[in-house]
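J.: Listed below are the residues making up each chain.
There are 2 protein chains.
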Amino acid sequence: MKLYDCKAAANPRSIRMALAEKAIDVECVQIDLFKGEQHGEAFRKINPFGSVPCLELDDGAVIGESAAIARYLEARQPQPRLLGSTPKEQAVIAMWQRRVEDGVLNAATTFFHHATSGLGETGRYRNADWGQANKKRFVDALGMLDRQLAGRAYVAGDGFSFADITAICGIDFAKAVGIELPDGLPNLKAWHARISSRPSASA
Amino acid sequence: MKLYDCKAAANPRSIRMALAEKAIDVECVQIDLFKGEQHGEAFRKINPFGSVPCLELDDGAVIGESAAIARYLEARQPQPRLLGSTPKEQAVIAMWQRRVEDGVLNAATTFFHHATSGLGETGRYRNADWGQANKKRFVDALGMLDRQLAGRAYVAGDGFSFADITAICGIDFAKAVGIELPDGLPNLKAWHARISSRPSASA
Numbered sequence: 013m014k015l016y017d018c019k020a021a022a023n024p025r026s027i028r029m030a031l032a033e034k035a036i037d038v039e040c041v042q043i044d045l046f047k048g049e050q051h052g053e054a055f056r057k058i059n060p061f062g063s064v065p066c067l068e069l070d071d072g073a074v075i076g077e078s079a080a081i082a083r084y085l086e087a088r089q090p091q092p093r094l095l096g097s098t099p100k101e102q103a104v105i106a107m108w109q110r111r112v113e114d115g116v117l118n119a120a121t122t123f124f125h126h127a128t129s130g131l132g133e134t135g136r137y138r139n140a141d142w143g144q145a146n147k148k149r150f151v152d153a154l155g156m157l158d159r160q161l162a163g164r165a166y167v168a169g170d171g172f173s174f175a176d177i178t179a180i181c182g183i184d185f186a187k188a189v190g191i192e193l194p195d196g197l198p199n200l201k202a203w204h205a206r207i208s209s210r211p212s213a214s215a
Numbered sequence: 013m014k015l016y017d018c019k020a021a022a023n024p025r026s027i028r029m030a031l032a033e034k035a036i037d038v039e040c041v042q043i044d045l046f047k048g049e050q051h052g053e054a055f056r057k058i059n060p061f062g063s064v065p066c067l068e069l070d071d072g073a074v075i076g077e078s079a080a081i082a083r084y085l086e087a088r089q090p091q092p093r094l095l096g097s098t099p100k101e102q103a104v105i106a107m108w109q110r111r112v113e114d115g116v117l118n119a120a121t122t123f124f125h126h127a128t129s130g131l132g133e134t135g136r137y138r139n140a141d142w143g144q145a146n147k148k149r150f151v152d153a154l155g156m157l158d159r160q161l162a163g164r165a166y167v168a169g170d171g172f173s174f175a176d177i178t179a180i181c182g183i184d185f186a187k188a189v190g191i192e193l194p195d196g197l198p199n200l201k202a203w204h205a206r207i208s209s210r211p212s213a214s215a
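One line per chain: the protein sequences are E and C, in this order. The opening residue of the first sequence carries number 13 in this note's numbering; numbering runs sequentially from there. The opening residue of the second sequence carries number 13 in this note's numbering; numbering runs sequentially from there.
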């Protein structure tokens with residue numbers, strides 16, 4: 013397997029973390045999003061959608077979309093589980109995964125692409141007001157997460173999951189593009205320190 | 013189990029279709045989104061996120077987010093499979109599910125909420141330009157789907173899946189809120205007729 017990756021981006025980091033948690037070793041190929049390499053002919057042959065991460069399987073098939081890659085890794089190597097075991101665990105993790113993907117990670121990347129110069133592309137549709145609305149959406153989602161983490165060590169259920177990975181990738185990306193964690197949020201901050209101390213967090 | 017539902021909305025329909033495909037019978041409770049019932053105190057006790065669909069399990073736990081509910085139903089009753097069997101099938105379906113959720117269904121609902129009067133709420137943030145951009149995003153996604161459906165009976169892999177369900181729910185919702193299918197797109201239109209003829213399509 014081969015992972016098309018970009019060290020600075022939020023979604024590829026979520027897959028590097030999942031791989032590290034499962035101790036799966038794959039070749040990583042860096043795609044320079046700031047130079048537009050994802051739009052180039054060579055990469056479009058690999059993923060016509062021009063996005064990273066994507067995972068090239070040994071048969072040549074290419075899986076895009078972080079949640080789909082996480083699902084593949086879980087099905088190929090279930091332990092340690094990142095997407096739950098019982099039907100209810102799987103559902104609770106999928107629910108929180110979707111909530112943090114939307115409210116935290118996507119909100120942060122939307123702020124980046126619409127309210128800042130983003131990747132530096134010219135001629136792309138930008139909506140600065142929508143970008144700023146997503147900064148607010150991101151901050152609101154942090155409050156929601158802080159409430160969810162009251163008395164809980166992890167975002168979804170009793171164990172560490174891909175929902176924790178998606179959330180920390182979104183939060184750290186937001187910081188990198190200029191959105192600091194607001195004051196307060198004690199549960200979120202304790203959780204953030206806990207997740208950051210995992211070896212996979214530096215993958 | 014009990015499904016909190018809204019007959020006119022796109023996401024709840026996707027769960028009604030999944031339930032029909034699997035022949036799972038659950039009590040459906042209608043929540044009137046146009047009257048703001050989802051924001052009322054009674055419903056907020058069930059789902060603080062104020063969204064439908066959500067599925068109340070027999071132990072009282074409530075699962076929100078369509079993809080999470082679909083995951084729960086698949087884990088509880090795997091046959092007929094809507095989310096794939098082998099790791100690669102699961103990944104391909106999850107990838108296309110995410111693509112049509114984003115580019116088709118979410119683009120259509122974003123158009124509805126931002127470029128039209130939506131559910132009729134007052135005082136909510138609206139960004140008409142973002143709404144119109146999503147109409148374009150929706151139409152672009154239909155072109156992408158038409159190419160994907162060349163020589164294929166279903167969106168993801170060889171069989172009918174939750175990706176087909178999500179796509180048709182987005183397309184039919186778009187039509188209901190004023191976005192007609194563009195000319196052309198022969199593969200997409202043949203697929204649409206095929207999926208519409210399934211008994212679950214009228215669930």
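Treat the hints with care, since some could be wrong.
Put simply, identical chains are the same to the list, so a pair is met inside one copy or across any two.
[Stated by the list, open to error] Computed list of lysine-lysine pairs in DSSO-like fashion (alpha-carbon distance at most 27 Å, straight line): (1) K14 <-> K100; (2) K148 <-> K47; (3) K100 <-> K47; (4) K14 <-> K148; (5) K34 <-> K47; (6) K47 <-> K14; (7) K57 <-> K100; (8) K47 <-> K201; (9) K148 <-> K187; (10) K57 <-> K187; (11) K100 <-> K34; (12) K57 <-> K14; (13) K147 <-> K100; (14) K148 <-> K57; (15) K14 <-> K201; (16) K19 <-> K187; (17) K201 <-> K19; (18) K201 <-> K187; (19) K100 <-> K19; (20) K187 <-> K100.
Since the hints were made in silico from the structure, they are not lab data.
J.: Return the numbers of the hints above that this structure violates; sort them in rising order.
T.: 3, 4, 5, 8, 10, 13, 15 and 20
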